[in-house]
Amino acid sequence: MEDFARRKDIPALKKIWAACFGGEREYADFYYRTRFRPKETLVWRENGLPVSMMTLMPLTIAGQTGAYIYAVATLPEYRGRGLVRKLSAFAENVLRQQGRTFMALVPAEPSLFAFYEKLGYRTSFFLWEKELSCPEGGRARTSFARCPFGKFAKLRAEYLSGFPGGAAHPKGELRYIYKELCRYNGGVFTFLEDGAEEYAAFTRTEGGLWLRECSAKDPLPAAETLLFQTGLHKARICCGWEFPGASRIPYGMGKALLPDGNTGPLEQLFSPPFYMSLMLE
Numbered sequence: 001m002e003d004f005a006r007r008k009d010i011p012a013l014k015k016i017w018a019a020c021f022g023g024e025r026e027y028a029d030f031y032y033r034t035r036f037r038p039k040e041t042l043v044w045r046e047n048g049l050p051v052s053m054m055t056l057m058p059l060t061i062a063g064q065t066g067a068y069i070y071a072v073a074t075l076p077e078y079r080g081r082g083l084v085r086k087l088s089a090f091a092e093n094v095l096r097q098q099g100r101t102f103m104a105l106v107p108a109e110p111s112l113f114a115f116y117e118k119l120g121y122r123t124s125f126f127l128w129e130k131e132l133s134c135p136e137g138g139r140a141r142t143s144f145a146r147c148p149f150g151k152f153a154k155l156r157a158e159y160l161s162g163f164p165g166g167a168a169h170p171k172g173e174l175r176y177i178y179k180e181l182c183r184y185n186g187g188v189f190t191f192l193e194d195g196a197e198e199y200a201a202f203t204r205t206e207g208g209l210w211l212r213e214c215s216a217k218d219p220l221p222a223a224e225t226l227l228f229q230t231g232l233h234k235a236r237i238c239c240g241w242e243f244p245g246a247s248r249i250p251y252g253m254g255k256a257l258l259p260d261g262n263t264g265p266l267e268q269l270f271s272p273p274f275y276m277s278l279m280l281e
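At position 156 of the sequence shown (counting the first as 1) the number is 156 in the UniProt record's numbering, and the numbers step up by one without a gap.
Hints were generated in silico from the structure; no laboratory data involved. Model, not experiment: these values are computed from the prediction. For glycine and all other residues, C-beta sits at the position ideal for the given N, C-alpha and C. Some clues are possibly wrong.
As the list claims (entries may be wrong) - Quick list of the computed label-pair ranges, beta carbon to beta carbon:
#, residue 1, residue 2, range
1, 179, 113, 27 to 37 Å
2, 179, 230, 18 to 28 Å
3, 3, 248, 35 to 45 Å
4, 244, 29, 38 to 48 Å
5, 15, 271, 20 to 30 Å
6, 230, 108, 23 to 33 Å
7, 241, 33, 28 to 38 Å
8, 184, 47, 33 to 43 Å
9, 172, 15, 24 to 34 Å
10, 8, 195, 48 to 58 Å
11, 62, 37, 16 to 26 Å
12, 34, 244, 35 to 45 Å
13, 81, 193, 45 to 55 Å
Use the sequences and the hints to build the structure in full.
This is how it looks when you write it as structure tokens:
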């Protein structure tokens, strides 16, 4: 049966996490220690224990509050029973009761776009992406300074104002994302572009460097400088707008929770273009 999680469920939730997401146990410990909120975590129980889960993280678009759907997972032995579909319907009811108007998510892999379409989601969020290779390790094309959280929050709000359908994290959520970036092989830096202060948020990955968000019109100088400073040779660059050599890729999906009880594309509530990034994935 569907239910809200409880703190005593954490060991069972960590079991689902480990079975479905893998990765380092330390990150799951960090998440459940610093971010877990029972009333934002939906579960399906069998014999009293969670076997499937879904998290509803607050998110806003154009002043309206919705939810980012995160950590959707079902224990392997319980798959094929439609539990994610049941939790999704439960989530819609919960969010409507709370007065929220939309749901958004980032599919964990390309094949899941089709799955979530069956649940009413449509691909609404796109990014511009480019792979950069610098065999010599890049070069310093700009000067970086570490960006404290307060400045990051201010600069990011200014950046999102350029997208009518920009998805924004509440301050508490953004602070968690900032801490995660800084704790796990990444960070946020500021630099100047044409005299204006911009920021770059990045994470190191097994394949090199992932420039997850950059407010500059041209993110390439920031990417090359990060490669130079980290000693890495490859970068994946993602940006909300087109830049030289970039390709447009699908990133996230959304659906509007309409007043008549139905769902529809986000365009029925908001004006595009839409933008979403720096999500927990």
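Hint check results:
1. Here the CB-CB span from residue 179 to residue 113 is close to 30 Å, well matched to the stated 27 to 37 Å.
2. In this structure the supplied range 18 to 28 Å holds for residue 179 paired with residue 230, their Cβ-Cβ distance being about 20 Å.
3. Range check, residue 3 to residue 248: Cβ separation about 40 Å, and the 35 to 45 Å hint holds.
4. For residue 244 and residue 29, the Cβ-Cβ distance of about 41 Å falls inside the hinted range of 38 to 48 Å, so the restraint holds.
5. Taking 20 to 30 Å as the suggested C-beta distance range, the pair residue 15 and residue 271 does not conform, at roughly 43 Å.
6. About 26 Å separates the C-beta atoms of residue 230 and residue 108, a value consistent with the hinted range of 23 to 33 Å.
7. Here the CB-CB span from residue 241 to residue 33 is close to 36 Å, well matched to the stated 28 to 38 Å.
8. Restraint check, residue 184 to residue 47: a C-beta distance of roughly 35 Å satisfies the suggested window 33 to 43 Å.
9. Separated by about 27 Å at the C-beta atoms, residue 172 and residue 15 satisfy the suggested range of 24 to 34 Å.
10. For residue 8 and residue 195, the Cβ-Cβ distance of about 55 Å falls inside the hinted range of 48 to 58 Å, so the restraint holds.
11. Between residue 62 and residue 37 the beta carbons are some 25 Å apart, a value that agrees with the proposed interval 16 to 26 Å.
12. Separation of residue 34 from residue 244 is about 38 Å and conforms to the stated range, judged on CB atoms against 35 to 45 Å.
13. Restraint check, residue 81 to residue 193: a C-beta distance of roughly 51 Å satisfies the suggested window 45 to 55 Å.
In this structure, only the earlier hint numbered 5 is contradicted, and the remaining ones agree with it.
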